[in-house]
Each structure stands twice: as C-alpha cells, then as structure tokens.
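Here's the letter readout for the chains.
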Amino acid sequence: MSGINSSTALWYASRATGVVALLLLTAVMLLGLLVTRQGRLPGLPRFAVSGLHRNLSLLATAFVAFHVVTAVLDGYVDIPLTSAVIPLTSPYERLWLGIGAVAFDLMLASVVTSLLRRRLSRKAWRAVHLTAYLCWPVAWLHSVFASGDLQQGPLLGLAVVCAVAVVAALGWRLVAASKATPRAERVGLIMAAVHRGGQPGNQPSGNQPQGTRPRRKPGNEAERTLIQ
Amino acid sequence: MPADKLIVNPIDCAGHGACAELLPELIALDEWGYPVIDPRPLPPGLERHARAAVSACPTLALRLVPASEQAR
Amino acid sequence: MTATTTSLTQLPRLLPVKPDRKGDGKGDAHGLDRHVERHGRLTYRDREGVLIRDIEAAGLTGRGGAAFPAHRKLQAVFDAADKRRRTPRVVANGAESEPASDKDATLLWLSPHLVLDGLQLAAEAVGADTAILYTHASRQHDLGRRLSEAISERAARNLDRVPVQLALAPARFLSGQETALLNHLGGGPAVPTFMPPRITERGLGNAPTLVQNVETLAHLALIARKGPGWFRGVGTEAEPGSMLATIRRADGRPKVTEVPLGIPLASLAGELPPGGAVLVGGYHGTWLSESQARQLTLDNRSLAAAQARVGAGIVIALPPDRCGLVETARVVRYLALESAGQCGPCLNALPRIAAALAEIAGGRARPQAVDDIGRWSGLVTGRGACHHPDGTARFVGSALRTFAAEVRRHERGHCSAASGEPFLPIPPDAARTERDWT
Numbered sequence: 079m080s081g082i083n084s085s086t087a088l089w090y091a092s093r094a095t096g097v098v099a100l101l102l103l104t105a106v107m108l109l110g111l112l113v114t115r116q117g118r119l120p121g122l123p124r125f126a127v128s129g130l131h132r133n134l135s136l137l138a139t140a141f142v143a144f145h146v147v148t149a150v151l152d153g154y155v156d157i158p159l160t161s162a163v164i165p166l167t168s169p170y171e172r173l174w175l176g177i178g179a180v181a182f183d184l185m186l187a188s189v190v191t192s193l194l195r196r197r198l199s200r201k202a203w204r205a206v207h208l209t210a211y212l213c214w215p216v217a218w219l220h221s222v223f224a225s226g227d228l229q230q231g232p233l234l235g236l237a238v239v240c241a242v243a244v245v246a247a248l249g250w251r252l253v254a255a256s257k258a259t260p261r262a263e264r265v266g267l268i269m270a271a272v273h274r275g276g277q278p279g280n281q282p283s284g285n286q287p288q289g290t291r292p293r294r295k296p297g298n299e300a301e302r303t304l305i306q
Numbered sequence: 051m052p053a054d055k056l057i058v059n060p061i062d063c064a065g066h067g068a069c070a071e072l073l074p075e076l077i078a079l080d081e082w083g084y085p086v087i088d089p090r091p092l093p094p095g096l097e098r099h100a101r102a103a104v105s106a107c108p109t110l111a112l113r114l115v116p117a118s119e120q121a122r
Numbered sequence: 015m016t017a018t019t020t021s022l023t024q025l026p027r028l029l030p031v032k033p034d035r036k037g038d039g040k041g042d043a044h045g046l047d048r049h050v051e052r053h054g055r056l057t058y059r060d061r062e063g064v065l066i067r068d069i070e071a072a073g074l075t076g077r078g079g080a081a082f083p084a085h086r087k088l089q090a091v092f093d094a095a096d097k098r099r100r101t102p103r104v105v106a107n108g109a110e111s112e113p114a115s116d117k118d119a120t121l122l123w124l125s126p127h128l129v130l131d132g133l134q135l136a137a138e139a140v141g142a143d144t145a146i147l148y149t150h151a152s153r154q155h156d157l158g159r160r161l162s163e164a165i166s167e168r169a170a171r172n173l174d175r176v177p178v179q180l181a182l183a184p185a186r187f188l189s190g191q192e193t194a195l196l197n198h199l200g201g202g203p204a205v206p207t208f209m210p211p212r213i214t215e216r217g218l219g220n221a222p223t224l225v226q227n228v229e230t231l232a233h234l235a236l237i238a239r240k241g242p243g244w245f246r247g248v249g250t251e252a253e254p255g256s257m258l259a260t261i262r263r264a265d266g267r268p269k270v271t272e273v274p275l276g277i278p279l280a281s282l283a284g285e286l287p288p289g290g291a292v293l294v295g296g297y298h299g300t301w302l303s304e305s306q307a308r309q310l311t312l313d314n315r316s317l318a319a320a321q322a323r324v325g326a327g328i329v330i331a332l333p334p335d336r337c338g339l340v341e342t343a344r345v346v347r348y349l350a351l352e353s354a355g356q357c358g359p360c361l362n363a364l365p366r367i368a369a370a371l372a373e374i375a376g377g378r379a380r381p382q383a384v385d386d387i388g389r390w391s392g393l394v395t396g397r398g399a400c401h402h403p404d405g406t407a408r409f410v411g412s413a414l415r416t417f418a419a420e421v422r423r424h425e426r427g428h429c430s431a432a433s434g435e436p437f438l439p440i441p442p443d444a445a446r447t448e449r450d451w452t
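Chains as they are written, first to last, in our numbering: chain A, 79 to 306; chain B, 51 to 122; chain C, 15 to 452.
Hints may contain errors.
[Stated by the list, open to error] Mimicking DSSO-like on lysine-lysine, the simulated pairs with C-alpha atoms at most 27 Å apart in a straight line are:
1) A/257 with A/201
2) A/201 with B/55
3) C/97 with B/55
[Stated by the list, open to error] Between beta-carbon pairs, the in silico distance windows are:
4) B/91 with C/163: 53 to 61 Å
5) C/99 with A/245: 50 to 58 Å
6) C/389 with A/198: 33 to 41 Å
7) B/101 with C/241: 49 to 57 Å
8) A/263 with C/100: 31 to 39 Å
9) B/91 with A/199: 21 to 29 Å
10) A/200 with C/252: 20 to 28 Å
11) C/47 with B/91: 41 to 49 Å
12) C/278 with B/71: 49 to 57 Å
13) B/91 with A/200: 51 to 59 Å
14) C/163 with A/270: 39 to 47 Å
15) C/166 with A/270: 41 to 49 Å
16) A/118 with C/388: 27 to 35 Å
17) A/94 with C/389: 43 to 51 Å
Derived from the structure by calculation, the hints contain no laboratory data.
Note that the coordinates shown come from a computational prediction; the quantities given were computed from them, not determined experimentally.
Using N, Cα and C, we set each Cβ at its ideal position, and we do this for glycine too.
Please work from the sequences and hints to get the whole structure.
What follows is the structure, encoded as structure tokens:
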C-alpha cells in the first residue's frame, strides 16, 4: 500500500503521532520488562523504573489518542471514530487498521486496570497486564502495515530496532524466568551456599520468578551460582 | 483521629526497594533489600509520600491500612 | 522427687484411665461404646449461643500453642457467618507438625470420640455444615484408619449432624499453621498466606472458618457435658483447666500426660542436674536453666517471667551428657529447611542463623557469630507472613542465653557433652520440591 500523498496537516499529524506512539510503547515494554527483572536505569533511583514505565504508558496513550483523533478528523480517508476501538469496521485499510484497534483496546485495558489496580485482585490485574505481550506486536504490525511509512528509509530502520529491542528484552526475561529457583527449592539453595562457608547475596523471594541482583556486597561470586 | 498504618505483604514483596526511596523517613531496607517499616502510625505530614510509595510498589505489596481495619 | 514416670500426675479427663497402648489394639478403650459409657451421650445444645457462653465461662483457651480464647474464635466465626450470610466451616487441627509433640496423635488414638464430639458441638455452635479432621500424613495407616472407623461408627448411629471428612497434612513443620492448613485444604501447597482479613472472616472457600486444635475440641466436649465449673476445678484462676503435655526426660522417650495448668515444671522435667536445662514449648519455645525451671510452673503467666510460653505443652529435659548448643543447632537447621521460602527476611535469615549456630556448636565460630545471630534474629521477627521466623529466633536466643557458659567453652574448643547422639527428635526428610508441600 503506497503512502498517501495528501498534504493535509491532520494526516501528517496522524502519521507522526503514530510513529511517536510506537516509540513510546516500545520504551514502555522495555521498562516493563526491566521492572520485572528488578533492573535499574543507570543514574536513576529504583522507583524511576516503574515510575517511568507508568508515566510513559500514559504519554503513549495520549499520543495514540491524538493519532486516532487526527486520523478520524482528516477528511481524505474515511475512518469512523468507532473503528478505533472496534476492529475491522473501517472501510479504509480494514485489516491493518483493525489490528490497530485491537492494540488500542488492549492498551486501554492495561492502562485502565493499572489505574484502578487497588480495587482489583492481583490475579485479575496480572491477567490483563499480561496482554501487553500481545498488544505490542499487534501495535507494531499495525504501524508497519497500515501505511507505507515504516517500510522504507530511516523509519524502517526504526521499526526494526524497536522489534529487535523488544524481542531481545523478552528473551532475556524468559531466560531469567527459566533459571529462577522454584519456591520450594529456595531455602535449600541458600542453606547449601551458606554452609559452604560463603556469604551469598540475598536470594530473591516474592511470587515472581527473577534472577538475583547485586546488593551492597560487590563482586560476590557466590551469588551467581545460586540461580544456575 | 487514629492514623493509617503502612504494612507490607511479605509474600508479595520481592525487595524492589522503591518504597524505601520514596519514604526514607519510615522505610529502610535490610541487608537483603527487604523493607523494614516503622510500625508506628503514619505522621500526618507524610501521608502523600506514603501514598506515592504504595503506588510505586511494582508488586503491590505495600499497603496503607486505614485505622478502622487494623486488627492484625 | 524421683525421675520415674510414676511421679507424673495423670488427670483422668481426656485420656482413658487404663490407656490402650499405641499400636496395641487390645480392647477398644477408644471405641464408641466405651466412650458413651464413660462420658455419656453427645447432646447438642439446640440453642444459639449457649455453648459459646459455657466455653467463655470455662475460660478454655486453644491448646494448639497460641492459647487464644476459644469462645472468641467461636463467636468471631458465628458473627462473620451471620454478617456475611455464609455458612461457616470447622476444621479440627490434628496436624501436630511439631516433631517433639505427641499429644494430639495420642489423643486422637485413645479418645477419638471426644474430639469428634467436640467437632460436632463446635460445628453446631457456629452453624457450620462442613467439618474436616486434619491429621498428619505419616499416621494415615494406623491413626487414619482408626479415625475412619470411628467416623463410620458414629455415622451408623446417626450421632453426627455434620459429616466429617478426613484430610491429610503433608509432613512439613508449617502444615499445622492455620493459613497453611487452609491453603492446603483449598488445593494449594501447605504454605502460609498473608491474610488480612482473618480466616474467621474468610477462610476455606471464602467462608468463615473455625480452626481449632483437636485437644481444644476434646475439652470443649467435656465442658459441654460437665459444665464450666468442672473445667475450672483444676488449673489456675487465669488459666484454668488441664492440658496434655508431651514430656521427654533423659531416656528420650516421649510420654504424654494430662496435667493441670500451673503444675510446677520441676514435677514434669524430673530431677535436673545443676547446669541442666529444660526446653518448654517445643521448637519455637524457650530453653530454661535448671534454676528457672525449679521456680516456674506450666502456665503462661509464670513462664512469661522467663520470656517463655506453654505452647503445645512440650517439656523436655536435656540429659546431662548432651550439649544444648549442638542439639539446638541441629533443630535450627531443620527449622531453616522448613521455611516456606516465601518471605525475604525468613528465607535469608534462617539459613544464616542455622549456619552460624552450627559453627558455634562445632567450635569453629567466627568471633562475630553470636552478634550476627542477634542481628538476624532481630531482622526476622515480625517480618514474615507467619510466626515461623519469630519462633525460631526466640528458640535460638534462649539457647544462647541459657547455654552462655557452653558458648564460651566452645569458643575455646571444648564441649561439655559426653555423647554426640542426637536427642531432640527431627524428621528425616527435608523438603526438596513443591510436591513435598502438597
């Protein structure tokens, strides 16, 4: 599908905000994966990782909203407002716009449940939040295929970089999850490490599988062996 | 008027440590990275910061319990 | 005072007067006919609140270790059921996961019908429609079978209004803990959960649940027949009644005996050598020196002076040829391995405490070992979802205090023990996989 050559400001605004939204969404995914791994951003306090994740997701939602509204308002192609949330109802680019609607729906679900998370059970919140793993690839597909913008030139490079980053981060997350010690084995592991005479770094607990992270005892080789 | 209290669900807590950064007056981290919370009721001036800490917890382990519900 | 078993008093309340020795099977002192003959038939109250008032007047407290007033638990479940309009459930907790305790198993073996009567009465008092008897998996072949038979016998005579199910507790130290018990009954692993609200509000299947130790239920059954005044006939004013105690003296063999609360520890522990020690309350309990033991009685008010509690009524006299530090280190290793591993502080502190204690016991402790243990104990108390770390810390602290002289001896490379033979009982299998908890 070749790029539209109309020069209406609204159309350009829609495309531009779409690109920014994809970038922001990618950052949100990367930060989300970082939060679960208890990683840190260099130079920033710990709360910044989850804080940024949250703020950028709200910003991303705003940009997606602009992206949708400008596309709907622009008269060059016919996109009814409802097709932003109901998939496959747009006469223009039915499939790829429909996919965009799916992504938007999932995004809204995650954002809204997160804003209301104190009223939800952990399981419910978590179940919805996990759909983010579906939301991002769908958003990426929409970005690349709903218009030709990201299929050539520097924007193609951008799309590829985003994809690689998310896949790599996800891979890192999955590897860590597979290496995480099951609850029943954690205490046995620390007992063994401690009785060998070492002073291992703390064994992470909590209900989420995760790797160890360095504490105030630097260069602690015993830590590494705990999670193997 | 009885004040709210901060409690942490130790099972959900994974030691992220965001709470201690946002409320150092009442929350410190032990040598393994888990929060040690001052058990006294929340002083009035810190309520906003306490809510920020509760909100920042990635596992929702930190909670602010209203005085009416405190039974544990 | 001689150290023979005949010096132990035996109140003939909960246990049959001529006990049918475990595994013996001769006669059926435990059978339903004998039970009715001795105690009379089970009579339901058929009126709301009557039993709870009697239990309150009797001053019955939980015999599982926490000594929580039984009437308050019953009332809480009753009120929650009323408020939430949910039918409650009752669980008789016979898990007895404390290795040094034998009283619940003995009670269930010798007087199952007393426990089952109590279970029915408690169910009636709170309006429950489900009753579960939870016992230790290791006893399912002998005790489990006997309990099944007892339940069938009662069902055949239409004694029980609420059907009773038997459930098995996995062989873990924590499986008798209330929330772990409910977690397991609900299909999960026997690990504690962090629960505001309380299980009296939301327990098994989200229904208000009463969890009561089997001995408490047995007392309840007797109070229902003989009245609160009778119950208060023994014991102290503040802590009335009797309880089953598991006594271990130098020969190491456990003896379960029913004693009045407030009985001098010395009459239970027997003759203690100077420098001897007594463990009261089990593995979350407290080591007392011989001089403390001579002054104190088996009730919480007296024991509080030594920061001890009655717990599940375990009294163990350390034989003079054993080292208290070595025994404690072995037990603490077991306790650390029994951590559910869910809470950071417990998961990290208990193994380190165990290792440091092993070093002290082995005479190769680093100089800061005792301080480290103190710091870790402080870090772990009150910061878990259950009281396993608190209890362990209390046990360790009391050992370091009571055996302080021995600690110094170990620092110099000596140990006053003549025998390295293990004394305190420890189950053999450690938990290795999730399956061990289910």
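Hints, verified against the model:
| no. | hint | result |
| --- | --- | --- |
| 1 | A/257 with A/201 | holds (23 Å) |
| 2 | A/201 with B/55 | holds (25 Å) |
| 3 | C/97 with B/55 | holds (26 Å) |
| 4 | B/91 with C/163: 53 to 61 Å | holds (55 Å) |
| 5 | C/99 with A/245: 50 to 58 Å | holds (52 Å) |
| 6 | C/389 with A/198: 33 to 41 Å | holds (39 Å) |
| 7 | B/101 with C/241: 49 to 57 Å | holds (54 Å) |
| 8 | A/263 with C/100: 31 to 39 Å | holds (37 Å) |
| 9 | B/91 with A/199: 21 to 29 Å | holds (27 Å) |
| 10 | A/200 with C/252: 20 to 28 Å | violated (43 Å) |
| 11 | C/47 with B/91: 41 to 49 Å | violated (59 Å) |
| 12 | C/278 with B/71: 49 to 57 Å | holds (55 Å) |
| 13 | B/91 with A/200: 51 to 59 Å | violated (26 Å) |
| 14 | C/163 with A/270: 39 to 47 Å | holds (44 Å) |
| 15 | C/166 with A/270: 41 to 49 Å | holds (47 Å) |
| 16 | A/118 with C/388: 27 to 35 Å | holds (32 Å) |
| 17 | A/94 with C/389: 43 to 51 Å | violated (58 Å) |
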